[in-house]
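What follows is the residue order along each chain.
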Amino acid sequence: MQSNSVNCANESSPILPNRLQKKSNVKHASSGDLVFQTLLKKKGALVGIVIVLSLILLAIFAPLISPYSYTALNAKAVFAPPSWQHLFGCDELGRDILTRLMYGGRYSISIGILSTLVSTLGGILLGSIAGFFGGKVDLILMRILDIFQALPSILFAILIATVLGPGFNMTVLALGISGIPGIVRTMRASILSIRKIDFVEAAVSINCTNSRIIWKYIVPNAITPVLVSISNNVSQAVIQAAGLSYIGLGIQPPSPEWGAMLSAGRNYILNHPHLVLFPGLIIMVFVLAFNLFSDALRDALDPKLKK
Amino acid sequence: MIPVILGVTILIFTLMFFIPGDLAGIVLGPTATEAQKQAYRLANGLNDPYIIQLGRYLSNVFFHLNFGTSYIQGTSVLSDLLERFPRTITIAAGTVVVGFGIGIPIGILAAVKQDKLFDRIALAVSLIGISMPAFWLAILLVLLFSVQLNWLPSQGIGGVQYYILPCLANAAAGIAGNIRLTRSCMLEVIRTDYVTTARAKGISETKVLIRHALPNVMINIVTAMGMLFGAMLGGTIIIENVYSIPGIGAYMVKSINSRDYTAVEGSVVFLAIVFGFVMLVVDLVYAWIDPRIKAQYSEFRRSKANAK
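Top to bottom, those sequences are chains A and B.
FYI, in the working numbering the residues of the first sequence are 1 to 307.
FYI, in the working numbering the residues of the second sequence are 1 to 308.
If you're looking for bench data, these hints aren't it; they were derived computationally from the structure.
Just so it is clear, CB atoms sit at the ideal spot from N, CA and C, and this is done for glycine as well.
Check the hints yourself; a few may be wrong.
A few chain A residues facing chain B, derived, Cβ under 7 angstroms [to be verified]: (1) I147; (2) L159; (3) I239.
As a list, the in silico DSSO-like pairs of lysine-lysine whose alpha-carbon atoms are at most 27 angstroms apart [to be verified]: (4) K42(A) with K113(B); (5) K201(B) with K43(A); (6) K41(A) with K113(B).
Could you build all of it, start to finish, from the sequences and the hints given here?
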């Protein structure tokens, strides 16, 4: 078996991509560059990327940018309204909200990205197994998935978060697991559409191992439609993480996570609305920017919209 | 549907089974002696193997409609849930009505006026709508309508006016999602040949839209309806906490925080069953709207009969 797969790598891989380009249309082959170019031409995508990147940079370089510490208490500035000194005001302990939001990006953005990574890995693995093998394996996996999807995803995330307990790693895991079923479905559907194309059969006929066919030939060619759901998943995860923090699961208040800040500030909304206004606003801006990017990505990948 | 609900119940029980911590310790408090804890475990069958506990839970839930007793309150979980259910379902149903009632017409109009000002505004608003955390919008609505304008109550339950803000806040994402979905489906449909044919016959544009285009768009919308309902039911859990509405969501969150796990388990199973029923209804509506599905089923049955 081992020698077979080595042969397969040496002799046939130069052939397979050529066949692939001839047989499948533009959507599958050489799509990477094309999609990227279309993407850069879209204003929405560009705006989205710029906002997301700048929020990430703010989070990374927060200590250099902000003159304040995100933990230091300041009795003089308790509930200070927005001013030139504290652009977004201060919270109930006199901590600068803008600084905390910058540090909070470290939690919120990485929860969004890491949990999507978990969903993506799990989703691609299970989806490609179901799509490639078909038959009984597919049937069993899909029935199990039906069970997982019989719970609304936020309810599922709440349940897992309850079992795992609060904290950063646990939140990532809870949101990651609850995002798997959606990606499995997209992945499977995408694989089913390329499963019958000749290059897969060619790989089978030269005796490639199943895992090699899946990882070398099927996943790279089926991944493009899944990119959109992966990208959507990030923004959903950020919103859901905030929701989890709000009801007391997820990240706990002393940490400057955006949702946790929002939930800590809700007791003071009557007199000091800036405590909840700005954390919510930053969540919205991040998610909006990411959605702009996802929309542009979807349009770039959708062959129907190409003219 | 029944196997799915059974499966969900098993899944939930299995997940809850792995919660770390000693149940007897939680219930009896820190002062309990080891012998008392042991007696509690024996009395409640907590020392039994997983599979026996699972079987007992399933038979309790499905044969005796018994979701157990809350550790903290000592009340029956089912009666707690049934008492709160009308409020939760009111919000969920209101959300669905608002979400589809506002979202679909705007989506159609946006598609008809593609690239005009209305379309651009609708798209921008819907993009913002899906990007907002619902509970944040809920807080903002309270600030505007309850604190500033003093039109609507900010929390609690009572008459219809108490449900307006929760439904609106919960529906925002649904409205936005519906606008986007309806618009993109509509754009696809109004470019098809049968719509061109209908126009060529000289039918008025409104009639073309309502009689020829809309039914085909509805098929896609109903497909999305199930998922949206799930999202709205899930959203209700968080929204109830913002508005202090004593529904199942608030009950569940309170139970999670007091580590009342039978109540948590009961709430999730209960919501899963409700969701299962809704999905069943959606499937039925789907078959009723789309004649092709019915045809497919009868064909499927025929081919099965032939195979035998």
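Under the criterion that the straight-line Cα-Cα distance not exceed 27 angstroms, is the pair K201(B), K43(A) satisfied? violated (40 angstroms)
Next item in the hint list is I147(A). Is there a CB on chain B closer than 7 angstroms to its CB? holds (4 angstroms)
Can the restraint linking K41(A) and K113(B) be considered satisfied, given a maximum Cα separation of 27 angstroms? holds (24 angstroms)
Taken at face value, is the distance from the CA of K113(B) to the CA of K42(A) at most 27 angstroms? This hinted pair holds, its Cα atoms lying about 21 angstroms apart.
Against chain B, with CB atoms and a cut of 7 angstroms, does the hint on I239(A) hold up? OK, holds: I239(A) within 7 angstroms of chain B, min 5 angstroms.
Does L159(A) pass the interface check with chain B, least Cβ-Cβ distance below 7 angstroms? holds (6 angstroms)
When held up to the earlier numbered hints, the structure conflicts with hint 5 and nothing else.
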